[in-house]
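The listed protein sequences correspond, in order, to chains A and B.
Going letter by letter, the first sequence gives residues 50 to 183 in the working numbering.
Going letter by letter, the second sequence gives residues 52 to 192 in the working numbering.
Possibly wrong hints are sitting among the right ones.
[As the list claims (entries may be wrong)] Taking beta-carbon pairs under 8 Å as the criterion, some of the chain B residues facing chain A (in silico):
| hint | residue |
| --- | --- |
| 1 | 57 |
| 2 | 128 |
| 3 | 145 |
| 4 | 175 |
| 5 | 187 |
[Said to hold, decoys possible] Here are the simulated distance ranges between beta carbons:
| hint | chain 1 | residue 1 | chain 2 | residue 2 | range |
| --- | --- | --- | --- | --- | --- |
| 6 | A | 119 | B | 184 | 37 to 45 Å |
| 7 | A | 118 | B | 164 | 16 to 24 Å |
| 8 | B | 52 | A | 123 | 39 to 47 Å |
| 9 | B | 137 | A | 94 | 43 to 51 Å |
| 10 | A | 175 | B | 127 | 36 to 44 Å |
| 11 | B | 130 | A | 125 | 24 to 32 Å |
| 12 | A | 181 | B | 113 | 46 to 54 Å |
| 13 | B | 55 | A | 167 | 32 to 40 Å |
| 14 | B | 184 | A | 93 | 14 to 22 Å |
[As the list claims (entries may be wrong)] Here are the simulated DSS-like pairs of lysine-lysine, each with C-alpha atoms no more than 27 Å apart in a straight line:
| hint | chain 1 | residue 1 | chain 2 | residue 2 |
| --- | --- | --- | --- | --- |
| 15 | A | 91 | A | 76 |
| 16 | B | 53 | B | 129 |
| 17 | B | 115 | B | 53 |
| 18 | B | 129 | B | 116 |
| 19 | B | 129 | A | 76 |
| 20 | B | 129 | B | 112 |
| 21 | A | 76 | B | 112 |
| 22 | A | 76 | B | 186 |
| 23 | B | 115 | A | 76 |
| 24 | B | 186 | A | 91 |
| 25 | B | 190 | A | 91 |
| 26 | B | 53 | A | 91 |
| 27 | B | 116 | A | 76 |
| 28 | B | 115 | B | 129 |
| 29 | B | 116 | A | 91 |
| 30 | A | 76 | B | 53 |
Derived by calculation from the structure, the hints in this document are not laboratory data.
What you are looking at is a predicted structure, and each value in this text was computed from that prediction instead of being measured.
All C-beta atoms, glycine included, are put in the ideal place defined by N, C-alpha and C.
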Amino acid sequence: MENFILPLSGGLLIGVAATLYLLTTGKVVGISGIFAQALFNKERGLPILFIIGLILGGSTYGNLIPQHTDFPESRSTLLLIISGLLVGYGTRLGRGCTSGHGVCGISRLSPRSIIATLIFITSAIITVYFFNSI
Amino acid sequence: MKALITFITGLLFGVGLAFSEMTNPAVVIGFLDITRNWNPSLLFVMVGAIAIGFIGYQIQKRRKKPLFDSSWSIPTRKDIDSPLIIGSILFGIGWGLSGYCPGPGLTALINNPSEGIIFVIALILGSGLFQVQSKLQTKPQ
Numbered sequence: 050m051e052n053f054i055l056p057l058s059g060g061l062l063i064g065v066a067a068t069l070y071l072l073t074t075g076k077v078v079g080i081s082g083i084f085a086q087a088l089f090n091k092e093r094g095l096p097i098l099f100i101i102g103l104i105l106g107g108s109t110y111g112n113l114i115p116q117h118t119d120f121p122e123s124r125s126t127l128l129l130i131i132s133g134l135l136v137g138y139g140t141r142l143g144r145g146c147t148s149g150h151g152v153c154g155i156s157r158l159s160p161r162s163i164i165a166t167l168i169f170i171t172s173a174i175i176t177v178y179f180f181n182s183i
Numbered sequence: 052m053k054a055l056i057t058f059i060t061g062l063l064f065g066v067g068l069a070f071s072e073m074t075n076p077a078v079v080i081g082f083l084d085i086t087r088n089w090n091p092s093l094l095f096v097m098v099g100a101i102a103i104g105f106i107g108y109q110i111q112k113r114r115k116k117p118l119f120d121s122s123w124s125i126p127t128r129k130d131i132d133s134p135l136i137i138g139s140i141l142f143g144i145g146w147g148l149s150g151y152c153p154g155p156g157l158t159a160l161i162n163n164p165s166e167g168i169i170f171v172i173a174l175i176l177g178s179g180l181f182q183v184q185s186k187l188q189t190k191p192q
């Protein structure tokens with residue numbers, strides 16, 4: 050179980066980022082929400098900066114931070130399109146994703162976020178299960 | 052200052068995703084694949100993030116206002132409505148199909164562009180569809 054150190058450290062960093070964002074801007078970090086603001090809000094400067102930072106930080110993959118798992122082999126375009134549409138629409142309708150509901154919402158013990166997180170994890174587990182059995 | 056902090060927050064969040072390998076959809080699918088080789092990584096990520104997040108909210112409760120704004124804007128709703136449930140089910144299906152949620156999907160633009168570009172275009176369309184739909188619904192009133 051030596052490989053729990055990196056995920057735990059990554060999680061702690063995500064928690065620090067969420068706390069920094071909360072205490073400075075007064076808002077909850079939800080990537081789906083911030084991305085939607087960057088796309089559709091009139092005042093989109095700050096959300097765009099956040100997204101650029103996120104992409105740059107997240108692409109330290111393999112360059113600065115050692116990784117242990119290979120990327121999956123390229124999946125079909127149709128699968129990626131359906132997935133992107135469902136993630137884009139679903140996170141807006143459900144008002145949050147893994148960060149907004151899963152991290153920030155559970156941190157504040159919000160009942161909506163706890164329910165949402167249980168539902169999307171269950172629905173994702175069932176999807177992976179079905180996908181494996183066909 | 053506000054812009055710099057916002058950028059650094061995004062950067063830290065991204066590095067956290069990379070550190071925990073959440074930027075790799077194979078790791079996420081490994082967590083969701085409970086019946087085969089289960090990879091508990093995401094559980095440790097959540098525990099780490101929620102532990103710090105919980106402390107953050109305890110500090111927040113004791114402060115009158117955020118550092119760079121005049122008031123807190125934190126969700127207060129407590130009701131469990133059907134958009135929350137249906138939206139979460141749809142998101143879960145999309146997440147399970149590719150292993151990308153919004154953050155890792157965006158980082159895939161650089162990490163794995165052949166998939167990332169397609170996923171992000173679809174992500175924008177899905178989010179835009181909701182935007183258009185909610186505008187149409189609010190207009191008649």
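Hint by hint, here is what the structure shows:
no.: 1; hint: 57; verdict: 5 Å, holds
no.: 2; hint: 128; verdict: 6 Å, holds
no.: 3; hint: 145; verdict: 3 Å, holds
no.: 4; hint: 175; verdict: 6 Å, holds
no.: 5; hint: 187; verdict: 14 Å, violated
no.: 6; hint: A:119 - B:184: 37 to 45 Å; verdict: 38 Å, holds
no.: 7; hint: A:118 - B:164: 16 to 24 Å; verdict: 19 Å, holds
no.: 8; hint: B:52 - A:123: 39 to 47 Å; verdict: 42 Å, holds
no.: 9; hint: B:137 - A:94: 43 to 51 Å; verdict: 32 Å, violated
no.: 10; hint: A:175 - B:127: 36 to 44 Å; verdict: 31 Å, violated
no.: 11; hint: B:130 - A:125: 24 to 32 Å; verdict: 39 Å, violated
no.: 12; hint: A:181 - B:113: 46 to 54 Å; verdict: 47 Å, holds
no.: 13; hint: B:55 - A:167: 32 to 40 Å; verdict: 37 Å, holds
no.: 14; hint: B:184 - A:93: 14 to 22 Å; verdict: 20 Å, holds
no.: 15; hint: A:91 - A:76; verdict: 18 Å, holds
no.: 16; hint: B:53 - B:129; verdict: 30 Å, violated
no.: 17; hint: B:115 - B:53; verdict: 18 Å, holds
no.: 18; hint: B:129 - B:116; verdict: 22 Å, holds
no.: 19; hint: B:129 - A:76; verdict: 17 Å, holds
no.: 20; hint: B:129 - B:112; verdict: 18 Å, holds
no.: 21; hint: A:76 - B:112; verdict: 13 Å, holds
no.: 22; hint: A:76 - B:186; verdict: 24 Å, holds
no.: 23; hint: B:115 - A:76; verdict: 14 Å, holds
no.: 24; hint: B:186 - A:91; verdict: 15 Å, holds
no.: 25; hint: B:190 - A:91; verdict: 19 Å, holds
no.: 26; hint: B:53 - A:91; verdict: 17 Å, holds
no.: 27; hint: B:116 - A:76; verdict: 11 Å, holds
no.: 28; hint: B:115 - B:129; verdict: 22 Å, holds
no.: 29; hint: B:116 - A:91; verdict: 24 Å, holds
no.: 30; hint: A:76 - B:53; verdict: 13 Å, holds
Checked against the numbered hints given earlier, the structure breaks hints 5, 9, 10, 11 and 16 and satisfies all the rest.
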